[in-house]
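What follows is the residue order along each chain.
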Amino acid sequence: MNASNPIPGDYTAFRATVREFLASALTPELARAGERTTSVFSDFEAGRQWQSALHARGWGAPEWPLEHGGTGWDIQQRYIFLEECRLANAPNPVMMGIQMLGPMLMHFGTEAQKAAYLPGIISGDDIWCQGYSEPGSGSDLASLKTTADRDGDEYVVNGTKIWTSMAHYSNWIFCLVRTDKNVKPQAGISFLLIDMATPGITVTPFSSLDGEVEQCQVFFEDVRVPVSNLLGEENQGWTVAKYLLEFERGGQHFTIDLKKQLRKLQRLVASEANAAAEDPTFAFRIAETEIDVMALEQTELRIKGSVAAGEHPGALSSLVKVSGTELGQQCAELLIEAAGQGAMPWQSEVLAPDYQGPTAAPEECVTTMAEYINSRATTIYGGTAEIQRGIIAKHVLGL
Amino acid sequence: MTEDQVLLQDAAERYLRDSYDFNARRERLAQGVYTDPQHWQAFAEMGWLALPVPEHLDGLGLGTREGAILAELCGRYLVTEPLIDVLAAVATLIAPSPHADVWLNGVVSGELITIAAIDEGAGRRKERPSTTLTHTGAGWQLTGTKQWVSAGASATHFIVLASGDKGLAWVLCPRDAAGVECATFPTHDGRGGANVGFDTRVEEHHILLSGEPAQAALEAYRELAITLSSAETLGAAHAALNATVEYTKQRVQFGQPLASFQALQHRMANMLIQVELTRSLVYAACDAADGDTPDRFRFARAAKVKASTVGRKVSQEAIQLHGGIATTDEYIVGHFFKRITALESWVCSRSEALREFMAFSG
Chain H
1 MNASNPIPGD YTAFRATVRE FLASALTPEL ARAGERTTSV FSDFEAGRQW QSALHARGWG
61 APEWPLEHGG TGWDIQQRYI FLEECRLANA PNPVMMGIQM LGPMLMHFGT EAQKAAYLPG
121 IISGDDIWCQ GYSEPGSGSD LASLKTTADR DGDEYVVNGT KIWTSMAHYS NWIFCLVRTD
181 KNVKPQAGIS FLLIDMATPG ITVTPFSSLD GEVEQCQVFF EDVRVPVSNL LGEENQGWTV
241 AKYLLEFERG GQHFTIDLKK QLRKLQRLVA SEANAAAEDP TFAFRIAETE IDVMALEQTE
301 LRIKGSVAAG EHPGALSSLV KVSGTELGQQ CAELLIEAAG QGAMPWQSEV LAPDYQGPTA
361 APEECVTTMA EYINSRATTI YGGTAEIQRG IIAKHVLGL
Chain W
1 MTEDQVLLQD AAERYLRDSY DFNARRERLA QGVYTDPQHW QAFAEMGWLA LPVPEHLDGL
61 GLGTREGAIL AELCGRYLVT EPLIDVLAAV ATLIAPSPHA DVWLNGVVSG ELITIAAIDE
121 GAGRRKERPS TTLTHTGAGW QLTGTKQWVS AGASATHFIV LASGDKGLAW VLCPRDAAGV
181 ECATFPTHDG RGGANVGFDT RVEEHHILLS GEPAQAALEA YRELAITLSS AETLGAAHAA
241 LNATVEYTKQ RVQFGQPLAS FQALQHRMAN MLIQVELTRS LVYAACDAAD GDTPDRFRFA
301 RAAKVKASTV GRKVSQEAIQ LHGGIATTDE YIVGHFFKRI TALESWVCSR SEALREFMAF
361 SG
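Chains as they are written, first to last, in my numbering: chain H, 1 to 399; chain W, 1 to 362.
The shape of chain W in the complex, shown without the other chains (with noise of 0.2 Å):
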């Protein structure tokens, strides 16, 4: 790491600690505010969603591998605000596009939470989607609806994928505009989804990118979130292997420390290596994302198989090293199983990224 990477990761980690106590966390989703406004207005103080706008747009410039440092420490605090989904959305607000910076300044102020909606349901296929735009007499207008949007529940404005006349296009849409029919929903990740139905004008404005231009900005979105999510769970996993280990240790049955048993020794061994190797990927992954070298997308997609796969076993490993404890809601173990199994599917989910690996590798 370099040594402003150091700094970003030290100062993220001290806020983090000192402010994002777990059982406030529980206090607060159980009220359904899956975002805490004074959270999100720190991140913007710090600077945390600026990183990924350039520097010509008043942003930090920052690459995949400072996002990184940020989404592995959301996954050890268990964080539910949604880091990851803004800045991997923010591909789609600093491609060539006429009216960015009206948006991004509100972005990296933290005044609005933009969150992508691309998604319409099982079967439905990415690229294509029926939600369309159209231009009437009037001007143009949104029509369709977006299901299962991750982290709708917490969006001020909703970035819509749609098809256009120019093919793909993404459109800024507030989710208090008229015609914006938004029903959320508790995620079993602490977070809150959406789906959301659009019938309603959009001004010119508002459309932020069309064409060719839009298909680059849904590839570069993905990229990003791809990266961004193997490096959450990277997080979460090593925070359930942690709190195993310290369990353990504590935890006395047969009159001695469940850590002193071989065969639970091993296991946790196991966790170890395979969390290792896993942030070595996730790391390489970045550095050939920021390197933009042309194995970046089969690295992109090795991080995220490797990752998905380590979270998915380490985090059940954890509950089951634990015993009853971390089957319940109230202990800290379940709740990063959780998140890692949400990330699995978020955006690209492992076989996709096994298959897309593949291809790759022709």
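Chain H with its partners taken away, still in its complex shape (with noise of 0.2 Å):
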């Protein structure tokens, strides 16, 4: 067995038809927007620029079936297929609507709804935001309190949503509302998708930390959303969207951003008259930093592995988000303690794709800061670092 893949097979030829590709799709404005990436979306335009390519060559949703567009690859290619993306640098799509609502619109989903989602989904036509959280319903997501009640063929939906990533740019959002409060607060709750442009919607962009408008809240005002619109059941939402959760699992590979942090932190660290390099602990701490990543990269490989077999790569996967979204952040770190006041200039323009004029901070500094800032965000987003770590001990150590 070779250490670094599991799963025995000649893949040049496939990773070559990739690289062949990459080189000649993904223009230099396009590597551009994703080399200034500081966060999980990269430049809206330049994302949906992408998606378009992937989707004419075939490769819009790697990991969905055939029967609905997908590539019908392995696990290896498709992990493959990431690698190249990321190390060319190509943007990210606004991925809610391939890498979440479709596996649950597959699953659950009539004939009618796939037939009217899936399409515009993989093409990157329709953009896809989700309505989970609201002010009140964080981590206790099943307390939500937006209602949807029945009036003949329609839910008219009231009540607000937040945190809903990418709402001013998307035309649908998929919801979790209550239908009935009168039963356990997971047993109430049902899936739903929505129409932006139906009246009595507000969306309302907040900035983040770094100055960037990612973040909205989203309003709902007496909206009146076709019953035929319902994914899974009414009352069977908890179940549609732990689904995902199941999907999720053993699909996450941090480690391939991980190293391209690290490749930037030695080349920060060996520049010239770098203050951190003439610290020699400094060095301790990324050999260190390197270690760990290493150990993440062996357990993602274990699991793509038993994935692979057709096992249930179980507790593992768990522990790969805890993981992988902390050591972002230690890279993080050690990347700004290496930048110094070189990380300081905050410039918001450099980071679109067309920017051609002079940067504050030297260029290889650019988006350091605003990604240290919006790594404090990575153990907070989907299911906190407190609450990854409960389901470990739930389910693992059966505390």
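Quick caveat, the hints were computed from the structure, so don't treat them as lab data.
In this text the structure is predicted, and so the values were computed from the model without any measurement.
Take these hints with a grain of salt, some might be off.
Derived lysine to aspartate or glutamate pairs resembling DMTMM-like cross-links, with alpha carbons at most 20 Å apart [said to hold, decoys possible]:
#1 259(H) <-> 84(H)
#2 114(H) <-> 233(H)
#3 259(H) <-> 337(H)
#4 259(H) <-> 295(W)
#5 259(H) <-> 326(H)
#6 259(H) <-> 364(H)
#7 313(W) <-> 288(H)
#8 394(H) <-> 246(W)
#9 260(H) <-> 295(W)
#10 313(W) <-> 326(H)
Short derived list, chain W residues pointing at chain H, Cβ under 10 Å [stated by the list, open to error]:
#11 248
#12 269
#13 283
Just so it is clear, CB atoms sit at the ideal spot from N, CA and C, and this is done for glycine as well.
Join the two chains, each given in its own frame, into one complex according to the hints.
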């Protein structure tokens, strides 16, 4: 067994095909947008263009099954594709539709729903956002209060959703709403697909700590949604949402980006007159972080191996998120220390893919501070590190 | 794991679970018996001692991964017999040595317990031993003192690293030979160490290797020892975590099991996360060693650093989460803690491993 690849087989030709595509389709502007990405999301337009290029090549949703426009790639091919895209600095399209809604639609959707929504998701023509969290319902998601009251063939939705990433660019939202207040919280939730153009919806974007706008609050006031937009049965919404957690498990690869961060760090430290480079303890900290990244990479490979063998990775996948996000924060910290005051200039316009002007920060540090700031959110969104540890304690350790 | 590896693991686990009782271990150690002859004989009969011996020398010809399977179980069951010590030292007996097979049969059958004697105490460099092998009119003479020979009290023979006329030399020396002074002492991890003085005549066939092959064997010994010690640490750390989980489920305070408190749950979740990350790296180090890949040296050291860091943290947490009971000698958890601590500095310490990792990373 090869230490770096648990799956036997020769993927050289496949990798070459991916590289060839990237060399022609990934324009310098798109690669620049990818390089200047400081959070989960790249420049929106660049991401949209890239999704459309992928879709044109038939690679719009590599993880999906063939019949819905997927690629039929095995797990190693999907990994290679992701790795090559990341290394080439391909931008990140808004992925809530492809990564989250798609699998749920395929599993719970009616034929009519699949036909109506899947093509728009994979082409990138429809941009979906996720309406789960509310001002009063974060980690305790099941306490959500946005209501959907049945009125004939429609639901009438009232309430508000927050942390709705990219809602200001989205034309659809998938929402968890309360359809029964008289049962235990999880049992009274339904899953609704809502057209953002429906009257009564207001989107209020707000800035994150780095000054960029990705997050929104969405308000619903007597928003009328056809009953046919219900995904799954009424009051089955919690089951629909939980299915995604199962689907997602093991699909996360943090180390591709962590290794990129480490390489950036080494370049920075190797550059002339870097203050951190003169501190011998800094080199030890980098080495220790590198070892932790190696351990995570081997864990991701173990998961990949067990998924490829048709097993359920179980315990392993739940710890990858905790470890991957915390290591990302550790790398981001080392990077701002290495960058020093060079990371301080705050110049939003340099993040635009077509920006040609001078940069106040050294070229290699223009995104360092924003990446550090945004890294704090990684242990909060998608289930906080505390929620993840609770899951490990309960489901793995049986506490 | 391959099917054969699963079989090896299952059989070894069955033996240790059924026969390696913690209380019997305590009583035996109280009498100064570090190596139980019955256990050692069983290890030999199960083929464990033949594991790294090549097939053409009548061994099993198995790799680091198989050794690590046993080492991990040794950690879990707190085996005091010097299994990883003897397995690593086989490297000095299987190198292109003219006299190897004379001794190997005895090692494999369990008759000889061969322990590498390298250290000469604080401040001495391992690769330049002051112990010498010199040619005299009458033959060869081994002179010098080895200190803190881990598991030395269990040895029937020492494999001594000496400076000879062609550079390094490995000399096999019976413990009961004339001119060998062996002073043993108990160690905190349930073993017996030894300080050994040599001023003894050596027969030609006791000189296993000298010069370049001796240097290569030292490196091979070290590589195997580093990874096996990481694997044993992994096994001990995981066992300490399991004991903690079980205990906190039983122990009731404030009217509820300790395991119901979130502050403790999250600490145990952290222990699990770190143990599993360590496992990935230790197994990867084994695969790199067995695959003879160029990055095997980096992987071995990365695994050693990770296992040492995690082993220390997890075993400390295990004591803390248990409370007072884990500070007693009759409870098992403190013994994982002590063995992990001993392994941390055995052959290659955490800080040496980290520095070497950085050097290999260039």
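Against the structure, the hints come out as follows:
1. 259(H) <-> 84(H): Distance of about 13 Å is within 20 Å: holds.
2. 114(H) <-> 233(H): Distance ~15 Å between residue 114(H) and residue 233(H) Cα, so the pair holds.
3. 259(H) <-> 337(H): holds (18 Å)
4. 259(H) <-> 295(W): Between residue 259(H) and residue 295(W) the Cα gap is close to 16 Å, so the pair holds against 20 Å.
5. 259(H) <-> 326(H): holds (14 Å)
6. 259(H) <-> 364(H): Holds - the C-alpha atoms of residue 364(H) and residue 259(H) are around 16 Å apart, at most 20 Å.
7. 313(W) <-> 288(H): holds (15 Å)
8. 394(H) <-> 246(W): Holds, at roughly 13 Å.
9. 260(H) <-> 295(W): Since the Cα atoms of residue 260(H) and residue 295(W) sit roughly 19 Å apart, the hinted pair holds (cutoff 20 Å).
10. 313(W) <-> 326(H): holds (18 Å)
11. 248: holds (7 Å)
12. 269: holds (4 Å)
13. 283: Because about 7 Å separates residue 283(W) from the closest Cβ in chain H, which is inside the 10 Å limit, the hint holds.
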